[in-house]
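Read top to bottom, the protein sequences are chains G and S. The numbering of the first sequence is numbering that gives the first Met the number 0, which starts it at 0 and goes up by one. The numbering of the second sequence is numbering that gives the first Met the number 0, which starts it at 0 and goes up by one.
Simulated from the structure, these hints should not be mistaken for lab results. Do not rely on the hints blindly, as some may be mistaken.
As the list claims (entries may be wrong) - Straight-line distance between alpha carbons at most 30 Å, and here's what the computed DSSO-like set of lysine-lysine pairs gives:
hint, chain 1, residue 1, chain 2, residue 2
1, G, 36, S, 72
2, G, 36, S, 73
3, S, 3, G, 281
4, G, 438, G, 393
5, G, 310, G, 149
6, S, 3, G, 283
7, G, 283, G, 36
8, G, 412, G, 14
9, G, 125, S, 3
10, G, 503, S, 73
11, G, 170, G, 203
12, G, 438, G, 629
13, G, 412, G, 162
14, G, 16, G, 567
15, G, 14, G, 503
16, G, 438, G, 318
17, G, 310, G, 281
18, G, 546, G, 587
19, G, 629, S, 153
20, S, 82, G, 132
21, G, 203, G, 13
22, G, 125, G, 283
23, G, 129, S, 3
24, G, 36, S, 3
25, G, 170, G, 62
26, G, 165, G, 149
27, G, 13, G, 546
28, S, 82, G, 36
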Amino acid sequence: MSTILDRSGFNPDKKLKIVGTSPIKHDGIDKVTGRAKFGADLFLPGMLVGKILRSPHPHAVIKSIDTSAAEALPGVKAVVTRTDFPELPKGSVAGDMSRNAMAREKALYDGHPVAAVAATSESIAKQALKLIKVDYEALPHVIDPVAAMKPDAPILHDHIRTKGVKDAADKPTNVVERLELKMGDVDAGFAQADVIVEHEYDTKPMHQGYIEPQGCVATCTEDGQVELWCCTQGPWVFRDRLTEILKIESSKIRVTQSELGGGFGGKTGFYPEPIAILLARKSKRPVKIALTRGEVFRATGPVSGTKSRIKMGVTRDGKFTAADAELVFQTGAFAGSMFFNAPQAMFTRYDLKNVKTVSYEVVSNRPKVNSFRAPCVPQVVFGVEGVVNELAQKIGMDPLDLRIKNAAAEGYKTIYGETFGPIGFLETLIAAKNCDHYKSPVPQGQGRGVAAGFWFNRGGETTGTLNVATDGSITLILGTSDVAGSRISISMMAAEELGIPVDKVRAVMADTHSLGFNRVTAGSRTTFATGMIIVDSARKAIKELCKRAAGIWGVAPEAVTFEDGHCKPAGANVGEFEPLSIAQIAAKTQATHGAIAGHSEMNVTGAGPGFGLHIVDVEVDRETGRVDIKRYTVVEDAGKAIHPLQVEGQFQGGAVQGIGWALNEEYFYGADGRLQNASFLDYRMPVASDVPMIGTEIVEVPNPKHPFGLRGVGEVPVVPTMAAIANAIGNAIGIRPRSLPMSPPRLLKLMDDADAK
Amino acid sequence: MSRKYHVATTVNGDEYEYLCEPQQTLLDVLRDELMLTGTKEGCGTGDCGACTVMVDGTMICSCLMLAVEAGGKKVETIEGMAKGEELHPLQRSFLELNGSQCGICTPGILIAAKALIDRNPDPTETEVRYWLAGNLCRCTGYDKIIRSVLAAAKEMRGA
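Take these sequences, add in the hints, and give me the full structure.
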């Protein structure tokens, strides 16, 4: 089985009719009319309301749980606690997932689920939660990851020994792993440097901030067959993990994906879903759980906060000589932050030969972190791109010129072992330098910042089917969740390959019984990988169409070729035949060999790395510390923009998420370890009046391994944002902030402290 | 179980009667009793605007109004925005300019944008941004939402 199309068929000179246009997405009509069904929008007969009881303690032993009074309340149909979950070993991946879904020995963060009820109404369910008696023994807690690394810190898990440390003492620690990644000789590299800059940075956890709280409906038959409707970035991953933690065979769990009301990585793992299944199994009735926003903040997400020390050296004429970093990642109560992405990606885009990184992943009493666009990378790029800018200042070079001089190109061997094929970093930087924004003078009183970012882009296991209807129209069965319009982009690629209008194609999102395994929609993989699967499926269908045409004409299959949506004789010597359209051939399938379809499954490789450069102008109010984003431009290599309007949307949305992370978003924990700002009022995400229009420049340096040259654009747009804004603020006020968020009180303090010096 | 109240109201021109508990919100009833699930719950505290509806011509967060208060009032939701097969110009411009990405905030934003254009047919970009400041969107960065609203307003003015 190949992992990529043997012949991608990428042809830069091919005239594309559909790819590169921006048709209205087929699922759009349901979204503007309120018809689209999201996680909480399903209602089933006899459905109960599920509610979750959560720990008020950040760290406590759960000595006992008495549910008898709740069970006796009329209208309560089921109560579940830790004893309803199969016992799985501590520290195993499944054991951690199970304990995050429902606390077992200990509650490990404010908001950790400890019990749940299903009742005939929401008010009864809420009343029942109050009747559950949990006997806690509160323990000392630790929120900050650096504090959690100290020898006398409260220990969350007695089984953790630091992975990656030789001869580690056999005693529990909160440091899950130490990861060293290096290449070349950093000491020799720094010895060649004329200027070295080294600083410490810190970033705060932020929430993915999807507007749709997790919502699901579960049913379970008497013989144990489960149906789960939920908003998810990965129905198959949910199913397989549910199999692991609930010990139910995968063939007996059918996960159906709803429309997804935002995820950004935060819906790659489950929260209420296993609880809903257990409540449904106990009550034998459908159970809906829709989380409240408060629950979303207290117990889902967030993104890792970091502490980092970053050092880079440069020669007087502007060549980077070495880079060195030490990184600490907060992972919440359980391991699994994907912190390993950071050392692989943080410097990757520059032609560096000497790099050393040491990274630590640390548990503390906060919710387990979840993915967010380019997991764990924007946090550390915040520091790297600050150092790069300071190096440019110190050697008197334009910050874009310094990046251009050091841009990695095809043939560069990365720290994680990949040798770059054709990449578009240099083209992106040059496009940035030539764009109107960068060429325009910086307005009086403002500061301009630039920063660059990289993401690998991903492939992975993917499955899909293309069916030819008897009227020649096409239906697609896709498994990878559509988080931002992948259905239309994939439909466009099918139409392009088949030579038919895109309106003749419709895609449905499959449940887990209807297709083979599909990895989560994450890492900028879906339009790339599923696009490749569907192009492969289209080619298989075309092959079959040619065979049928050959049969109709009484010629050999090799004598038929497919062009512009028609089967045609491959040459003059085949004979005189009128071309047959897909519809004409499909109309005859009953008389030939039956239905025509194409199906494909691959563990897709060949993703093309993505690079971006952000330019931002800011104004800082010196009295209040407020930052006003005056102008913002995202320049990024898309490889090929299948649907340019949607690509722009990815750029713009990513930048504004980064603006929130840069300027406002953070969690406030009290001394009691409880989250104090679990609402959209107190956790302030950007609103429309906070931001300007976001300019976009789509660069297209094709990835030749994809039939249309596509790379993937989901992650890169967030990566450089906070660094670009910090660099702009630095140029506006003369002090480059090294801590997030750059909120008014923090900036005011930064300016006051500088004035006092 | 708490006592239920009988309420008669009008939603999108249709008369409805429902029973509700005293603490239930208009949002709860629209979704859970009347099955009008186009109105979304993003926060339940009036901070995100996903549940925006019109009540007697006033734009409100339906999560902040008790269901009993809707008695005798005229409620308008996203389900009533298109007239038959004719989409509202806002709905069309959101489709054409990609003003909706995941779509969860879209119903609330469309209701709010219509309320704006009904009172101010020629809003500036800044006016649109401040009017929609109570409607959170996490996907789009607002750019294409603002453009969609401005384009629809322009079309409706016949400009």
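Given hint residue 283(G) paired with residue 125(G) - CA-CA distance at most 30 Å: This hinted pair holds, its Cα atoms lying about 20 Å apart.
Pairwise hint evaluation, residue 149(G) against residue 310(G), where the allowed Cα distance is 30 Å at most: This hinted pair holds, its Cα atoms lying about 24 Å apart.
Are residue 503(G) and residue 73(S) close enough, with their CA atoms no more than 30 Å apart? violated, 41 Å
Verify the proposed pairing of residue 310(G) with residue 281(G), using a straight-line Cα cut of 30 Å. Answer violated: residue 310(G) to residue 281(G) is near 57 Å, above 30 Å.
Between residue 438(G) and residue 393(G), is the straight-line Cα distance small enough, at 30 Å or below? holds, 22 Å
Do the alpha carbons of residue 13(G) and residue 546(G) lie within 30 Å of each other, as the hint requires? Within the cut-off at roughly 25 Å; holds.
Is the hinted pair residue 629(G) and residue 153(S) satisfied, with a Cα-Cα distance of at most 30 Å? It holds: about 25 Å lies between the C-alpha atoms, which stays within 30 Å.
Hinted pair residue 3(S) and residue 281(G), Cα distance within 30 Å: holds, 28 Å
Would you mind confirming whether the straight-line C-alpha gap from residue 14(G) to residue 503(G) stays at or under 30 Å? Between residue 14(G) and residue 503(G) the Cα gap is close to 20 Å, so the pair holds against 30 Å.
Against the 30 Å threshold, does the CA-CA distance of residue 170(G) and residue 62(G) hold or violate the hint? This hinted pair holds, its Cα atoms lying about 24 Å apart.
Take a quick look at whether residue 125(G) and residue 3(S) sit within 30 Å of each other, Cα to Cα. holds, 17 Å
Restraint status (C-alpha distance of residue 283(G) to residue 36(G) at most 30 Å): holds, 24 Å
Violated hints for the displayed structure, listed by number in ascending order: 8, 10, 17, 20, 21.
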